[in-house]
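Participant: Given next are the chains, with one letter for each unit.
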Amino acid sequence: MPKTTIDDGLYQRAAAAAEKAGYSNVDELIKTAIENEVKRIGEDLDEQQVADQLRGLGYIE
Amino acid sequence: MPDVSPIVVVSGLPRSGTSLMMQMLAKGGIEPVTDHERQADADNPKGYYEFERVKKIKQDTAWLPDARGKVVKMISQLLFDLPATEHYKVVFMRRDMDEVITSQEKMLVRRGVNPPDPAVIKKAFESHLTKFFAWLPTQSTIDLIEINYNELVLDPIPSAEQIVEFLPMQVDLEQMLTAVDSSLYRNREIENAN
Numbered sequence: 001m002p003k004t005t006i007d008d009g010l011y012q013r014a015a016a017a018a019e020k021a022g023y024s025n026v027d028e029l030i031k032t033a034i035e036n037e038v039k040r041i042g043e044d045l046d047e048q049q050v051a052d053q054l055r056g057l058g059y060i061e
Numbered sequence: 001m002p003d004v005s006p007i008v009v010v011s012g013l014p015r016s017g018t019s020l021m022m023q024m025l026a027k028g029g030i031e032p033v034t035d036h037e038r039q040a041d042a043d044n045p046k047g048y049y050e051f052e053r054v055k056k057i058k059q060d061t062a063w064l065p066d067a068r069g070k071v072v073k074m075i076s077q078l079l080f081d082l083p084a085t086e087h088y089k090v091v092f093m094r095r096d097m098d099e100v101i102t103s104q105e106k107m108l109v110r111r112g113v114n115p116p117d118p119a120v121i122k123k124a125f126e127s128h129l130t131k132f133f134a135w136l137p138t139q140s141t142i143d144l145i146e147i148n149y150n151e152l153v154l155d156p157i158p159s160a161e162q163i164v165e166f167l168p169m170q171v172d173l174e175q176m177l178t179a180v181d182s183s184l185y186r187n188r189e190i191e192n193a194n
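Chains A and B, in that order, give the protein sequences. Throughout the first sequence, residue numbering follows the working numbering, covering 1 to 61 in sequence. Throughout the second sequence, residue numbering follows the working numbering, covering 1 to 194 in sequence.
The set of hints was computed from the structure by calculation and includes no laboratory data. Hints may contain errors.
[To be verified] Counterexamples of contact, computed for chain B against chain A with all Cβ distances above 12 Å:
no., residue
1, Val4
2, Leu13
3, Ile75
4, Pro83
5, Gln139
6, Glu161
7, Thr178
[To be verified] Here are the simulated lysine to aspartate or glutamate pairs, EDC-like style, with alpha carbons at most 16 Å apart:
no., chain 1, residue 1, chain 2, residue 2
8, B, Lys46, B, Asp181
9, B, Lys123, A, Asp44
10, B, Lys55, A, Glu61
11, B, Lys131, A, Glu43
12, B, Lys122, A, Glu47
13, B, Lys131, A, Glu61
14, B, Lys56, B, Asp35
15, B, Lys123, A, Glu47
16, B, Lys131, B, Asp81
17, B, Lys122, A, Asp52
18, A, Lys39, B, Glu126
19, B, Lys123, A, Asp46
20, B, Lys58, A, Glu43
[Claimed, not checked] Negatives, chain B to chain A, calculated, CB over 10 Å:
no., residue
21, Asp35
22, Lys46
23, Lys70
24, Gln77
25, Asp96
26, Met97
27, Val120
28, Phe133
29, Asp143
30, Glu146
31, Asp155
32, Pro156
33, Glu165
34, Gln170
35, Leu173
36, Asp181
Quick caveat, the model's predicted, so the values are computed rather than measured. We treat Cβ as the ideally placed atom computed from N, Cα and C, and that holds for glycine.
The shape of chain B in the complex, shown without the other chains (with noise of 0.2 Å):
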């Protein structure tokens, strides 16, 4: 019998907390798709359980049936190109827009790449969800969870049985929750302020 078990997508703007919660994932037992290729580093301490092929969806969408009833990681703008012969189930994650932009910003910093003006890349990011938010009701093969990274990392039990819920393979709560390190989360806006 065919495999047709959804691909679970781990998707948000970068640095949303899509890291966190591929390992959350992992922990709770559904299998990463990644090729390890980027490695830790002090943007992503635990890893970026990332996967290369994804970059060339356009192109290239022979692995996705290997990906059934895995975990893949994929940021929004991907997802337009994701193509209607399989069924995804998508974690998207939402941080407060200023954290990602400051996040991202020491991000390019330190890959030696001069970050814009925070209010334009804003203001197109913020461009770029409506249109995504507005896409996807056309969507019939993607289902999609919002899970606010903010909350998560205050109270992660919430977010988590949500995720339970949502995804129809079975994850481990418990394992989940040990994935989620408070010191993880940077660029508050108290940090900020100091």
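With the rest of the complex left out, here is chain A (with noise of 0.2 Å):
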């Protein structure tokens, strides 16, 4: 499974976070965060490719 670093004072925090918001763990918080940022990234580059074909297309300026 791959790995990835992150400061101390970051894990900190996000341990501090996890207990509060009643996650399992810090590396559940992690990964959530992830993957709504993997998914909101997605989803702005989805907006972004509708807007420029609906543009291509004469439909909005």
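Using the hints, build the complex out of the two chains.
Facilitator: Written out as structure tokens, the structure is:
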């Protein structure tokens, strides 16, 4: 399984946030955060693609 | 007494049959809001029924009160910007996505624009529609009916009856049906295969 590195300060903040928010551990919070961000980026790219297409077709400015 | 009639909005993705629906509703007796700026062409031989100001709906909503009781065409992406100051009855056109993409490709080429990868734009439109239909239930001022273009051109009566039932104003069903011209149903799979 791939591993990534984050600095100690961020890890401590993530661990504290995970506990407050009811995550079972900090790994679960990090996994959820990454999934949400990947989804958001994908949606933004899709919306940009749609906007470019609509502009090309003359339906938006 | 102020006019509190809803604004009828014909929406959907470009090339999903929105112009045909505008023609149907206009024939049925609902006045279209249009400026005739975009002229009929090979992509829409019977005209676009468009109103340029809808493109600036984010900044300009002054025309909306005059559209009460009338019908205006607006692609789905612009519906997110409709203010909650009006009540909208949205006739949302759905069409086979591959046909939509193929038709858009042809239109882009005619406009001198290089079309994107069909798989990429298909995924983007599907994501856009998912987002739109997740947002829709949060909008108390929008009522929406979905009309399938493919079914409409093959057998227009059931869809036309649904629309008459959905809209609060008087609509002439027989006249609506006169607008459906199956010769305009292009980009079918059978044609694409040839």
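Participant: Each hint should be assessed against the structure and marked as holding or not.
Facilitator: Tested hints:
1. Non-interface call for B:Val4 relative to chain A: holds, since the shortest CB-CB distance, roughly 29 Å, exceeds 12 Å.
2. Against the 12 Å criterion, B:Leu13 falls within the reach of chain A, whose nearest CB is about 9 Å from its own CB.
3. Not every CB of chain A is more than 12 Å from the CB of B:Ile75 (nearest about 5 Å), against its label as outside the interface.
4. For B:Pro83, the shortest C-beta to C-beta distance to chain A comes to about 18 Å, beyond the 12 Å cut-off, and the non-interface label holds.
5. For B:Gln139, the shortest C-beta to C-beta distance to chain A comes to about 18 Å, beyond the 12 Å cut-off, and the non-interface label holds.
6. Against the 12 Å criterion, B:Glu161 stays outside the reach of chain A, whose nearest CB is about 29 Å from its own CB.
7. Taking the minimum C-beta to C-beta distance to chain A, about 27 Å, the non-interface status of B:Thr178 holds against the 12 Å cut.
8. This hinted pair checks out: B:Lys46 and B:Asp181 have alpha carbons roughly 10 Å apart, not beyond 16 Å.
9. This hinted pair checks out: B:Lys123 and A:Asp44 have alpha carbons roughly 12 Å apart, not beyond 16 Å.
10. A C-alpha spacing of about 7 Å is found between B:Lys55 and A:Glu61, which places the hinted pair at or below 16 Å, so the restraint holds.
11. Under the criterion of a C-alpha separation no larger than 16 Å, the hint pairing B:Lys131 with A:Glu43 is consistent with the structure, at around 9 Å.
12. Of the pairs offered as hints, the one joining B:Lys122 and A:Glu47 holds, with about 12 Å between alpha carbons and a cut-off of 16 Å not exceeded.
13. Straight-line distance between C-alpha atoms of B:Lys131 and A:Glu61 comes to about 21 Å, which puts the hinted pair past the 16 Å bound.
14. Distance restraint check for B:Lys56 and B:Asp35: the Cα-Cα separation of roughly 14 Å lies within the 16 Å cut-off, and the hinted pair is therefore satisfied.
15. Only pairs whose Cα atoms come within 16 Å are accepted, and B:Lys123 paired with A:Glu47 is accepted, the gap being roughly 10 Å.
16. The straight-line distance between the Cα atoms of B:Lys131 and B:Asp81 is roughly 14 Å, inside the 16 Å bound, and the hint therefore holds.
17. A threshold of 16 Å between alpha carbons decides the hint, and for B:Lys122 with A:Asp52 the separation of about 13 Å falls inside it, so the pair holds.
18. In summary, the hint linking A:Lys39 to B:Glu126 is supported, as the alpha carbons are separated by about 14 Å, within the 16 Å threshold.
19. Distance hint between B:Lys123 and A:Asp46 is fulfilled; the C-alpha atoms sit about 7 Å from each other, no more than 16 Å.
20. For the hint pairing B:Lys58 with A:Glu43, the CA-to-CA distance comes to about 21 Å; that exceeds 16 Å, so the pair is violated.
21. Separation of B:Asp35 from chain A is adequate, the least Cβ-Cβ distance of about 14 Å exceeding the 10 Å criterion.
22. Once the 10 Å rule is applied to beta carbons, B:Lys46 is consistent with being away from chain A; the minimum gap is 17 Å.
23. Once the 10 Å rule is applied to beta carbons, B:Lys70 is consistent with being away from chain A; the minimum gap is 20 Å.
24. A cut-off of 10 Å between C-beta atoms contradicts the statement that B:Gln77 is not in contact with chain A; the least separation is 6 Å.
25. The Cβ of B:Asp96 lies farther than 10 Å from every Cβ of chain A, with a closest approach of about 17 Å, so its non-interface assignment holds.
26. The claim that B:Met97 is not at the interface with chain A holds, since no C-beta of that chain comes within 10 Å of its own (minimum 13 Å).
27. Not every Cβ of chain A is farther than 10 Å from the Cβ of B:Val120; the closest lies at roughly 6 Å, contradicting the non-interface assignment.
28. A cut-off of 10 Å between C-beta atoms confirms that B:Phe133 is not in contact with chain A; the least separation is 14 Å.
29. Look at B:Asp143: its CB is around 23 Å from the nearest CB on chain A, clear of 10 Å, so calling it non-interface holds up.
30. Non-interface call for B:Glu146 relative to chain A: holds, since the shortest CB-CB distance, roughly 19 Å, exceeds 10 Å.
31. With 10 Å as the threshold on Cβ separation, the claim that B:Asp155 sits away from chain A holds: the shortest Cβ distance comes to roughly 28 Å.
32. Against chain A, the non-interface label of B:Pro156 holds: every CB pair exceeds 10 Å, the least being about 25 Å.
33. Consistency note on B:Glu165: stated as away from chain A, and its beta-carbon is indeed over 10 Å from all of that chain's, at 29 Å minimum.
34. With a minimum CB-CB distance of about 30 Å to chain A, B:Gln170 clears the 10 Å threshold, and the non-interface call stands.
35. For B:Leu173, the shortest C-beta to C-beta distance to chain A comes to about 29 Å, beyond the 10 Å cut-off, and the non-interface label holds.
36. With a minimum CB-CB distance of about 22 Å to chain A, B:Asp181 clears the 10 Å threshold, and the non-interface call stands.
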